[in-house]
Each structure stands twice: as structure tokens, then as C-alpha cells.
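What follows is each chain in one-letter form.
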Amino acid sequence: MDKPYGLLAELTYSCPLQCGYCSNPLQLDDYRDELSTEEWKRVFSEAADLGVLQLHLSGGEPLQRHDIVELVQHANQLGLYTNLITSGLGLSTRRAEQLRAAGLDHVQLSIQADDQALSDQIAVTSSFERKRVAAGLIKKLGWPLTLNVVLHRQNIDRIGGILDMAEAMEADRVELANTQYAGWAGPNQAELLPTRDQLEGAEAVVQAARERIGDRIDIIYVIPDYYSKYPKPCMDGWASRQFTVVPNGEALPCPAAHELARGLNLPPATVREHSLEWIWTESPLFQQYRGDAWMPDPCRSCDRKEIDFGGCRCQAFALTGDAARTDPVCHLSPDHGLVEAAVAAANDPQRPKDGPLIPRAKVGRTKRAVGATPGKTAGTPVQLSRTVLKGT
Amino acid sequence: MDITDPTARPRLAPHVRMVFNAARGEHALLSPETVWVINATGAAIVELCDSQRTIAEIGAELRGRYDQVADGDVQRFVADLVTKHGMEVDHG
Ligand code: SF4
Ligand code: SF4
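Sequence lines, in order, name chains U and Y.
If you count the first sequence from 1, position 33 lands on 33 in this note's numbering, and the numbers rise without skipping.
If you count the second sequence from 1, position 44 lands on 44 in this note's numbering, and the numbers rise without skipping.
One or more of the hints may lead you astray.
Covered stretches of chain U, as calculated for chain Y (at least 3 residues, CB under 8 Å) [unchecked claim]:
1. 2 to 13
2. 42 to 51
3. 74 to 84
By construction, these hints were calculated from the structure, which means they are not laboratory data.
The structure presented is a predicted model; accordingly, all values stated were derived computationally and were not measured.
Here a beta-carbon is modelled for each residue, glycine too, at the ideal position from N, C-alpha and C.
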């Protein structure tokens, strides 16, 4: 077993935005009892000892943590490469300067669209202008600028404009990644999955932009796996190269494994009770799908199992209820009909016109002192806010 | 211009940093999405990529230090990283 290279620290699920494609879990309230500053610092130290080189600070919105500068500084002193993944909200000039001084290596700014109205509508928050200001600030302070754009049915036709905006912002890298249907994107899947025509259009625009822009911007484009023959090599295999720690200290082999982990009824792998070393090397959750002994057919006898590891465990769980099945995205999977049906629905000419997304819920933060773990909500806390009812 | 031009002056891309990781006992180049594990010669090349020295000068300097540096090693290493956006070069 190799040592992990990367740690994704989801510091908080609090976020000023409410994107319908958000990969945060539906049961946001279960994660309000956040790790303290000292607990996160211990996690980073243990991660560095374990061989982790890269630390991604994410959320939610990581700038909602008042101790973000202190956390970055600690990670930097450990020699970790620190990458902040932010919506840009909360990145004041002062905050940015402090983060720069603390040694933050890189900032990834999420972008919803190139147009204010659409961007604010997708984020369900007035945020577009603040993102533009944040982009300018990131460049001004000398960080390289990476724009993260989650693509879906409602913004994929705007890639051309998004890339023009990236050029104007002097971005160094742009990641255009089609949505994975984890967390809030799950119930929104039908409104997020693009059509085949949209995808073909997008690929042509990306190709043309690459030729025009050349080396100035590194453009990364990730196609939706629902349209590919084989699944993605999710996480390079379960608990193989990287892992995630979520706001309340649970460790997960994949950033979308919240539900899956609970469904397995294994002893929890939480940093509040265990060392990262135990979690990585011994915890039943991390061992569960490591290697290929767990694989059923068709993966077991397939020569691609070394390439894609049978695909995404979380996707298998979300679509079939059994995380040990072949990723239904694979055309060889006995469950592939589920994906084909979603693709057919997305391309159905009779399909009703596009509707609004269910906005990700707001989550408050619980100070440790407030104590009690909030009671579990029954079912999915999807509130029909005015935004949903209003339509577009 | 060809990225393997001996007069090119390479440097790490602004988002890339080299570290030596004690837990692993190896050098690595880090960028937001990628970790490139490199050997000691690679690390020595990267240390000399300061946007002042040319590829030819870096090669000459390394040959003074190691026996094992073949002609073209530095070019290949730099070209590979430039293609992956891990390095940038100035020409002339
Ligand atoms: S996807 Fe949107 S709502 Fe979710 S954490 Fe990111 S910015 Fe916040
Ligand atoms: S059968 Fe399994 S291993 Fe083979 S391509 Fe499909 S997902 Fe990958």
C-alpha cells in the first residue's frame, strides 16, 4: 500500500452560495460540529508525517473559517503545497494579503458563468461581481489564477464566453469539468445532464479556443462520464493516492463517500478517535474497496480493471444502492440501463423545457461550545424556497 | 521556437513548487492537481532552472557534477515538463 499524496480538507460546509450542482452531502446538518483549529492542525501534521504533499482547502466555502490564515500558515510550515478552493466570497484584500503572507501556494476560484444574471442565478446568490474582484485580487497579489467551472446543461453552451472571460482575467489555468452527480447534484441530475448536441458544441469550442489561446492558458476539459463508454479511474482507486476529511472529522476515501460510508455500517473512521495513520492503513472503511478482491464480474475478469478500478464506488452506490457493483457508467455493467435512461431523458425532444435547480441548503455553523449535535432531519432536507417556485 | 532549443531559459511554472518529502525520501514537483515524483538528477536540474541559465548551461553544469548526465537529458526533462505545463521557457 502506497502512502497518500493528497488530502482534501473540507473545512466547513457553510457557504454563502447555493449552487444546485454542489457536491456537498444532502444531510448538511450532520456536519456542523466542525473540527477546531487545533484539531485541523493536528490532522495536517499527521498528514505530512504520512507522506501527504498536497493539501486542498475546500468546503463549502473555506473562507468562512475565521482561522483559515492560521491553518494555511501551519500547513505551509509543514512543507505542504496549499491550494485554496474558493467561491471568492470572503476574499477581502486584507484576507488575501494575510493568506499570501502565510504562504498559500495557489487559489482556485469557482466560476458559474460569464454573465452576471446567469451566474447569480446558478449560485442563487448575488456573487458574480465579487468573483471578478476576487480574480483581480488573486492576480494582483501574484498568485497563479485557476478558474474552476463546473459544467452542466445550464452553462455548457457558454463555454466560449467563459473562456473569453478567463482570457480577460489573465487566468493561467481553466478547469472545465462536467458535473459528477454527488450530493446536491444527485436530485438535480435531470436538470444538469447536458444533451449530446450541447457536448459536441462544447468540445468544438474548447478545441478552437485551445488553438487560438495556445500556451497562455492551460485548458482542462473533463467530459461527463455518462456519455463515455468506460468509467473514470475514480480517485486512482479506492484509498490509493488521496483522501478527504470532512468538517466533523470523518475521513473518507472519496470526497463523495458520505452516504456510502454510513451505509456500510463500519466503525467510523474519524480523526477525533483515530490517527490518520490508522485510518489510512487499517480502518475497515479504507480497506473495504482497496485493491481488487472486492470486485464482482464483469470487472473481476476484465483487463481494464487496472486502468479504471471498476469506476466510482460512490456512483455505484448512488445509482444501485450497492457500492460494490460495477460503475453503471461502464457499458459492460449490468446496471448500465440506468445511465442510458438518464441520457435518453436528457436528449428526449419531448422533454419539458429546462426547469430550475433545487438550491443547495444553507447551513449554519455550530460553535463547539453550543455543543449538541443537531437532530437528524428525516429524509432529504430539500426546502421549496421561493427561488424554486419562481422558476426561471 | 522549439522548446528543446539549447538557448532557452527554463523555470518552473508559477504554480509549481519543488519539495523534498522526508516521509517518502523523494523529491516531487507539486502543482494544484498533480504530483510529479522526480529523482535526484531531476531535482538538480530543477534547481538550476532559474530563468537565467540556458538549457546548454544547465547541461554543462550538471556534467561537471555527475557522470551520468547524457546529452539531451536536460532537454528531454524540460520539454516533458513544458508540455505538461509544469515549466515555462524564455527564449533568447
Ligand atoms: S458548489 Fe456552490 S454552494 Fe457548493 S460549496 Fe461550492 S460555491 Fe458553495
Ligand atoms: S467492466 Fe469494470 S473494469 Fe471493465 S471497463 Fe467496465 S468498469 Fe472497468
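Which numbered conditions among the earlier hints are violated in the structure presented, ordered from lowest to highest? none
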